[in-house]
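Protein chains: 2
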Amino acid sequence: MRYSQYLLNTLKETPADAEVVSHQLMMRAGMIRKIAAGIYSYLPLGLRSIRKVEQIIREEMNRAGAIELLMPMVVPAELWQESTRWEQYGKELLRFKDRKEADFCLGPTHEEVITDIVRREVRSYRQLPLNLYQVQSKFRDEIRPRFGLMRGREFIMKDAYSFDVDEAGADVAYDKMYQAYRRIFERCGLRFRAVEADTGNIGGSSSHEFMVLADSGEDAIVSCDSCEYAANVEKAELRDAGATAPAPTEALSKVATPNQRTIEEVAAFLKVEPARLIKTLILRTDGGETATVLLRGDRELNDIKLCRLLCCNEVELADEETVRRVTGAPSGFAGPVGLKGRIFADFEVRAMADAVTGANEADAHYTGVTCGRDFTVETFADLREAVAGDPCPRCAGKLEVWRGIEVGHVFKLGTKYSQALGATFLDAQGQEQVIFMGCYGIGVGRTVAAAIEQNNDANGIIFPMPIAPFQVIVTMVNPNDAEVCAAAEKLYADLLERGVEVLLDDRDERPGSKFKDADLLGIPLRVTVGARGLKDGALEVQERRSGTREMVPLAEVAEVVAARVRSALAG
Amino acid sequence: MRYSQYLLNTLKETPADAEVVSHQLMMRAGMIRKIAAGIYSYLPLGLRSIRKVEQIIREEMNRAGAIELLMPMVVPAELWQESTRWEQYGKELLRFKDRKEADFCLGPTHEEVITDIVRREVRSYRQLPLNLYQVQSKFRDEIRPRFGLMRGREFIMKDAYSFDVDEAGADVAYDKMYQAYRRIFERCGLRFRAVEADTGNIGGSSSHEFMVLADSGEDAIVSCDSCEYAANVEKAELRDAGATAPAPTEALSKVATPNQRTIEEVAAFLKVEPARLIKTLILRTDGGETATVLLRGDRELNDIKLCRLLCCNEVELADEETVRRVTGAPSGFAGPVGLKGRIFADFEVRAMADAVTGANEADAHYTGVTCGRDFTVETFADLREAVAGDPCPRCAGKLEVWRGIEVGHVFKLGTKYSQALGATFLDAQGQEQVIFMGCYGIGVGRTVAAAIEQNNDANGIIFPMPIAPFQVIVTMVNPNDAEVCAAAEKLYADLLERGVEVLLDDRDERPGSKFKDADLLGIPLRVTVGARGLKDGALEVQERRSGTREMVPLAEVAEVVAARVRSALAG
Chain A
1 MRYSQYLLNT
11 LKETPADAEV
21 VSHQLMMRAG
31 MIRKIAAGIY
41 SYLPLGLRSI
51 RKVEQIIREE
61 MNRAGAIELL
71 MPMVVPAELW
81 QESTRWEQYG
91 KELLRFKDRK
101 EADFCLGPTH
111 EEVITDIVRR
121 EVRSYRQLPL
131 NLYQVQSKFR
141 DEIRPRFGLM
151 RGREFIMKDA
161 YSFDVDEAGA
171 DVAYDKMYQA
181 YRRIFERCGL
191 RFRAVEADTG
201 NIGGSSSHEF
211 MVLADSGEDA
221 IVSCDSCEYA
231 ANVEKAELRD
241 AGATAPAPTE
251 ALSKVATPNQ
261 RTIEEVAAFL
271 KVEPARLIKT
281 LILRTDGGET
291 ATVLLRGDRE
301 LNDIKLCRLL
311 CCNEVELADE
321 ETVRRVTGAP
331 SGFAGPVGLK
341 GRIFADFEVR
351 AMADAVTGAN
361 EADAHYTGVT
371 CGRDFTVETF
381 ADLREAVAGD
391 PCPRCAGKLE
401 VWRGIEVGHV
411 FKLGTKYSQA
421 LGATFLDAQG
431 QEQVIFMGCY
441 GIGVGRTVAA
451 AIEQNNDANG
461 IIFPMPIAPF
471 QVIVTMVNPN
481 DAEVCAAAEK
491 LYADLLERGV
501 EVLLDDRDER
511 PGSKFKDADL
521 LGIPLRVTVG
531 ARGLKDGALE
541 VQERRSGTRE
551 MVPLAEVAEV
561 VAARVRSALA
571 G
Chain B
1 MRYSQYLLNT
11 LKETPADAEV
21 VSHQLMMRAG
31 MIRKIAAGIY
41 SYLPLGLRSI
51 RKVEQIIREE
61 MNRAGAIELL
71 MPMVVPAELW
81 QESTRWEQYG
91 KELLRFKDRK
101 EADFCLGPTH
111 EEVITDIVRR
121 EVRSYRQLPL
131 NLYQVQSKFR
141 DEIRPRFGLM
151 RGREFIMKDA
161 YSFDVDEAGA
171 DVAYDKMYQA
181 YRRIFERCGL
191 RFRAVEADTG
201 NIGGSSSHEF
211 MVLADSGEDA
221 IVSCDSCEYA
231 ANVEKAELRD
241 AGATAPAPTE
251 ALSKVATPNQ
261 RTIEEVAAFL
271 KVEPARLIKT
281 LILRTDGGET
291 ATVLLRGDRE
301 LNDIKLCRLL
311 CCNEVELADE
321 ETVRRVTGAP
331 SGFAGPVGLK
341 GRIFADFEVR
351 AMADAVTGAN
361 EADAHYTGVT
371 CGRDFTVETF
381 ADLREAVAGD
391 PCPRCAGKLE
401 VWRGIEVGHV
411 FKLGTKYSQA
421 LGATFLDAQG
431 QEQVIFMGCY
441 GIGVGRTVAA
451 AIEQNNDANG
461 IIFPMPIAPF
471 QVIVTMVNPN
481 DAEVCAAAEK
491 LYADLLERGV
501 EVLLDDRDER
511 PGSKFKDADL
521 LGIPLRVTVG
531 ARGLKDGALE
541 VQERRSGTRE
551 MVPLAEVAEV
561 VAARVRSALA
571 G
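From first to last, the protein sequence lines stand for chains A and B.
Counted the way the working numbering counts, the first sequence spans residues 1 to 571.
Counted the way the working numbering counts, the second sequence spans residues 1 to 571.
Isolated chain A, as found in the complex (with noise of 0.2 angstroms):
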């Protein structure tokens, strides 16, 4: 492609509403144009990184066995109502009425269409195991689409549902996704982490997040050093030590702690380590119950653990004239001793002796606090958020903790569709029997803007060769000077004959400029060709990602290019 040709133009100064790096880099290396909020064209740029990821999708899906069909974007309200997502999927599901007053959405996941489509065409066991996956546009009505495509409304997915006689049949297909999920971001050229996820309201059993690793990541995960576990932060298991509190050497003393309520100012106060602290929260379920949590003084509750514990779906902080209620103190002095009602405390604080918590008076601390001694505990339990260095649930290696960005999901789904939905089989025995269930998704986009937020610099995208949307840049230093336009042109016929995709930036503009612009768009690869060069005999060879650079011979650059791309592509 000729750059003079195409539609690309690069942006100097970075939009005003784009928050994160991904977003800002695709807007000013003219990949995506927003048309609406969280709704964008793809510019020709951004669709040629769009298609290759698609297609990486479409030949690991089809090996995996799965098979391509396409459903429509504009879903009828009867298939929802079956499943009773109609009324349940919040205002994230844009409803609307055609012009004959019947009821449609647009499809934000597909679960319904394709149970609807297996349920007229399955009739028997023979027929299955069937995987079935599409690539299309879908819509969901974010209330704060941002971050470009991260968070967009309109986005494009790739959605596999598969189809199996039974549970052990559904584990089979869910496995074979999950190896194909790894190899699709391999060959994408990312580093990623699959990890155990919550199933959410999707609905189903067990599910794995593919995240891809990024400082920037909305998720923070967490990752065996030496086995395979991984999962995310608000999942990770953190087994009970076992330990006990040691004898303690203090006695339960009162001190006074004029003003200082939170866990630093105590410690800072006392001069003792946040760690010897115990952490007292008074906190509300949605169910309307008050339950106190004590956590060692460092670490940080995790909210979904304790709903796991409570039989609640959500707790919140209790306000001000709870906890005086409670503790008999103004916030900030809580502490266990003494206190009534349940409390429920993290595995470690059994282990703390001659710690320091509140006093339930206001101004005023314990310290020589110790577990069984000074107060008991209703339940003990996992509570906490996972940190590094914290011990693997399965090995005996350490936890690591990174942030990153999900890019696919994997759902065992059960029998919740095809039970509403009626999707049946006739098994060996002539026996009517519900179908298992499992869904998998890709955020196509997603996977573009999580690469490139892994993948940038202070000049702009690195793209890995496999999306890169051109895999050589041939700079024309001057497209004036015939000698230099006419190696230029030879060289990009010469690396276009070798199926490389180049773009030939052959604009009247200055080099500096030129050279700024390959290294926004992140093309992998620049060969520089000047009036300096073409006189030596030799071209600069440039790596986005090292830059370093190479002087190679004029005959030898296009089979050299050529072969750098080929050796980049095969990993």
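In short, the hints are calculated from the structure, not lab data.
Treat the hints with care, since some could be wrong.
No copy is singled out in the list; a pair is fine if it fits within one copy or between any two copies.
Said to hold, decoys possible - The list that follows gives simulated cross-link-like pairs (lysine-lysine, DSBU-like), each with its CA atoms no further than 30 angstroms apart: (1) Lys254 <-> Lys271; (2) Lys34 <-> Lys91; (3) Lys34 <-> Lys416; (4) Lys34 <-> Lys97; (5) Lys490 <-> Lys91; (6) Lys535 <-> Lys516.
Fit chain B to the given chain A structure using the hints.
Relative to the frame of chain A, chain B by itself:
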């Protein structure tokens, strides 16, 4: 692909709501399934044909220098308000509100969105010309969706938009697209005509429709038997032959024609050819005017030509009361002799002598009517529909009449959208100029459906090789015979290795039912692997279209079949 693992159920019965043969066959062959009125899922087999058409389109669009991008399906009202189409477009534009009560529509076409992109990206004449296209699902809320993919509501379309500095540039862009479209439909293996067409409500100055020829087509088109001229019958021009009436041989004479009203009735009653009658139509325009139009008795009025002459949008036959007021007689007895008011006549009427017309009196007609002597006409013009045998308006050839299905449409848009949305550029002199546009659409699903309308027989579809979902079907006559099974598997592998797209019918079904399915699916070549053939060391290769069968030595089958596929694709 193995049939036993594929999602492909053929239907024996024709679905009751499928009126046209392509709809019937696409349903029966398991290519599509209806989700709601005019909304279909493309099952795997159907999607394969769709993708092949898409791929041919992409290759030819790229070859013509067009650049692919992708615009959203959900479009904000603001852009449509700028072009004023938000108000003008009928209920086919599906409008809705998002969760924040902002107005949106589902894009039925994307002139507004692309013009918005271009006005933001293009500043200088140096960036032009540009031709941008996408392949995308669109939505039109048809009041009466029908005929399967022919007139759906959600449908896949390739839409392209060209941008040029002036009208001459726009003409070049238009010609390039015209040629690209010819190549696309040729490469799809279809018989078609590119015809001059009306521009309709999309605006613009000139347009061609690409019509796939099929007896079941909705549109009538004409083409010259010796030059390239072709047009929609509504648009087909007929020249003034310049003839005047010969010397009359009869005097004007009133005859009784009791209850004889129609051309056919009067001609039969008076024992003359219908061509001897002058058809007299009393019409009302949408402006409320009354006009009388004369045609030769065997001709049909072309409304569009008359509207152009009268500068109105619509004409309809006047009601009985108006007819009585204008002619003084009940309808069925009107004629130009002695008639008041404006009289328009087709060129042919000028050459009529000794003709028959109504006498403007109940149950009476005149014979011996001669134009010029017995009545006068305000304007002679081309007012009738063309018929087979009419002279070509461009050369000495004669017109042929066909029925066709519109699958593509190219328009010169001029500056309608660029003016409305302010898409301008600075010319070489630094002056701001408005961009000239063209738009170019192909219905992808419609092309597949039209191909089936054109290519089928009593047994099913007959796919042209380039858009066949599979190129070859290998029919295992008895999958329980180990030798048959091994030979079929080997042939399957050998064909795949040669890049042939094969469906291996490995189902445990009766051979007759497998052959029936193969015919229904329309796969161009079938190889039958059975015990008898294996014994003789040869396999039967059958061509779907001609039905010819041939025994090919076992060792050569893969190569012979692969060669036939290659040769069919090469055209």
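Determine which of the earlier numbered hints do not hold for this structure and return their numbers in increasing order. 5
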